[in-house]
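Asks: Chain by chain, the residues run as shown.
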Amino acid sequence: MSDRQTTTQKIIQYVLNELPAGERLKIQNEVQASPELRAVYERYRVLIGTLKGDAEATATLDHIYDENQFIVALQQRIETQESRRHYSHVLFLAREHVFVVFILFFTAISLMGVWRFKQSHVVSAPIPYAQRMSLKRPSLLAIQQPSMAQDSVFQLAQHHRVPEFHFSIPSWLSVSDVRITKPSLVDIKNP
Amino acid sequence: MEKQNLNMNRVDCADDHDIRAVQQGDQQMFYSIVQRNQSQIFRLAYRFCGQQEDAQDITQEVFYKAYKIIPHWKFKAKFFTWLYQTTLNMARTLRRKRKKIFFVADMTSRIDFTAQQQTITDIEKRERSTQLQRAIDRLPGRQRIVVLLRIYEGLKINQTAEIMRCRPGTVKSLLNQALKRLSQDMPREVVDVR
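Respectively, the protein sequence lines represent chains A and B. The letter at position 98 of the first sequence is residue 98 when you use our numbering, and the numbering goes up by one with no holes. The letter at position 45 of the second sequence is residue 45 when you use our numbering, and the numbering goes up by one with no holes.
Hints are not guaranteed to be accurate.
[What the hints assert, rightly or not] Only pairs whose alpha carbons sit at most 30 Å apart, straight line, appear in this in silico DSSO-like list of lysine-lysine:
| hint | chain 1 | residue 1 | chain 2 | residue 2 |
| --- | --- | --- | --- | --- |
| 1 | B | K78 | A | K52 |
| 2 | B | K78 | B | K97 |
| 3 | A | K10 | B | K180 |
| 4 | B | K97 | B | K180 |
| 5 | B | K156 | A | K10 |
| 6 | A | K52 | B | K180 |
| 7 | B | K125 | A | K52 |
| 8 | A | K10 | B | K78 |
[To be verified] A few chain A residues that don't get close to chain B, going by computed Cβ distances all over 12 Å:
| hint | residue |
| --- | --- |
| 9 | Q28 |
| 10 | N29 |
| 11 | E36 |
| 12 | L37 |
| 13 | F92 |
| 14 | E96 |
| 15 | V101 |
| 16 | A108 |
| 17 | M112 |
If you are wondering where the hints come from, they were derived from the structure by calculation, not from laboratory data. The beta carbon of each residue, even a glycine, is placed where N, CA and C say it ideally should be.
Throw the hints in and build the complete structure from the sequences for me.
Replies: See below:
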């Protein structure tokens, strides 16, 4: 930086009343000694004075600015934005979890389907046989073991001289699943 | 000037105290910060963009941002510096968006002259103010900011440097360039009449 620039900056600081006492005196002497610097000083003094005068004149903006009204408006803005932010947060969470909810729903539906499918097999397993036997009196009999059930039914069928006899319990059913809930095979009337 | 800086320091301490209170859950203290700083922020925004509505929008936006930032404030910088920086950034962005000179359009409202008060001196004053602002408005961005902060807001070199994120030497140099340009740009009668 040139000396001239530094001096000009010092003059500006001098006019702005920001120089320490020692430097202030030095600049004062320099300005008095040089007509050129005196012209620079004079120019900046008038210019800065004009700007400062304008700054003072426009410092109060009360006629176009109501502080209390501003605070009320700001409060409203904050409340609105906060509630909107909360709502958007809920929406965001819902959007994030919609996939999980869909998967859970689909899994539940599938499980229900499987359960119903198994139930229907449990119920329908002896039906063709029951129809053949023309069963009338309903009762419930839980069969502990498929093989035992098969044997006892077979014996009964033989005893009542049933000409054709088919009985099967699907192998994939567990023992506890097997229930005869329709008219029992045990009560056979008029085979 | 000294008084202004003393006020600044006092404001800064009060701001820190209120920010701590807000962080501890006293939300009402936020409005105390707003109350203390709003007129400076509005004035700065108004001087920078020259439109009352824009200045109000900027002021509201700045304080809404402050509301969001205060719970996470780390006290590494002065709060007023952050307020000034945010205001200037917003005003600059708005100005860039509009891409036109604002000052000229709304100049008459800068000084409160009611019909009864108007004298020839007032009219002259207003005319001079308009011309001054036109000249300031023609300055390049950073020079304009330096003039607004240093002369209109009365900030110290260090405070201005902090807000502008530059060195104090740069502030001195920018002010020098700005004043040189202003003295060339402004009509002599505007500068001479005081």
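Asks: All the hints need checking, so say for each whether the structure fits it.
Replies: Okay, the hints, checked on the actual structure:
no.: 1; hint: B:K78 with A:K52; in the structure: holds (26 Å)
no.: 2; hint: B:K78 with B:K97; in the structure: holds (29 Å)
no.: 3; hint: A:K10 with B:K180; in the structure: holds (14 Å)
no.: 4; hint: B:K97 with B:K180; in the structure: holds (29 Å)
no.: 5; hint: B:K156 with A:K10; in the structure: holds (14 Å)
no.: 6; hint: A:K52 with B:K180; in the structure: holds (16 Å)
no.: 7; hint: B:K125 with A:K52; in the structure: holds (13 Å)
no.: 8; hint: A:K10 with B:K78; in the structure: holds (27 Å)
no.: 9; hint: Q28; in the structure: holds (18 Å)
no.: 10; hint: N29; in the structure: holds (21 Å)
no.: 11; hint: E36; in the structure: holds (15 Å)
no.: 12; hint: L37; in the structure: holds (14 Å)
no.: 13; hint: F92; in the structure: holds (17 Å)
no.: 14; hint: E96; in the structure: holds (23 Å)
no.: 15; hint: V101; in the structure: holds (31 Å)
no.: 16; hint: A108; in the structure: holds (41 Å)
no.: 17; hint: M112; in the structure: holds (47 Å)
Violation of the numbered hints given earlier is absent; every hint is satisfied by the structure.
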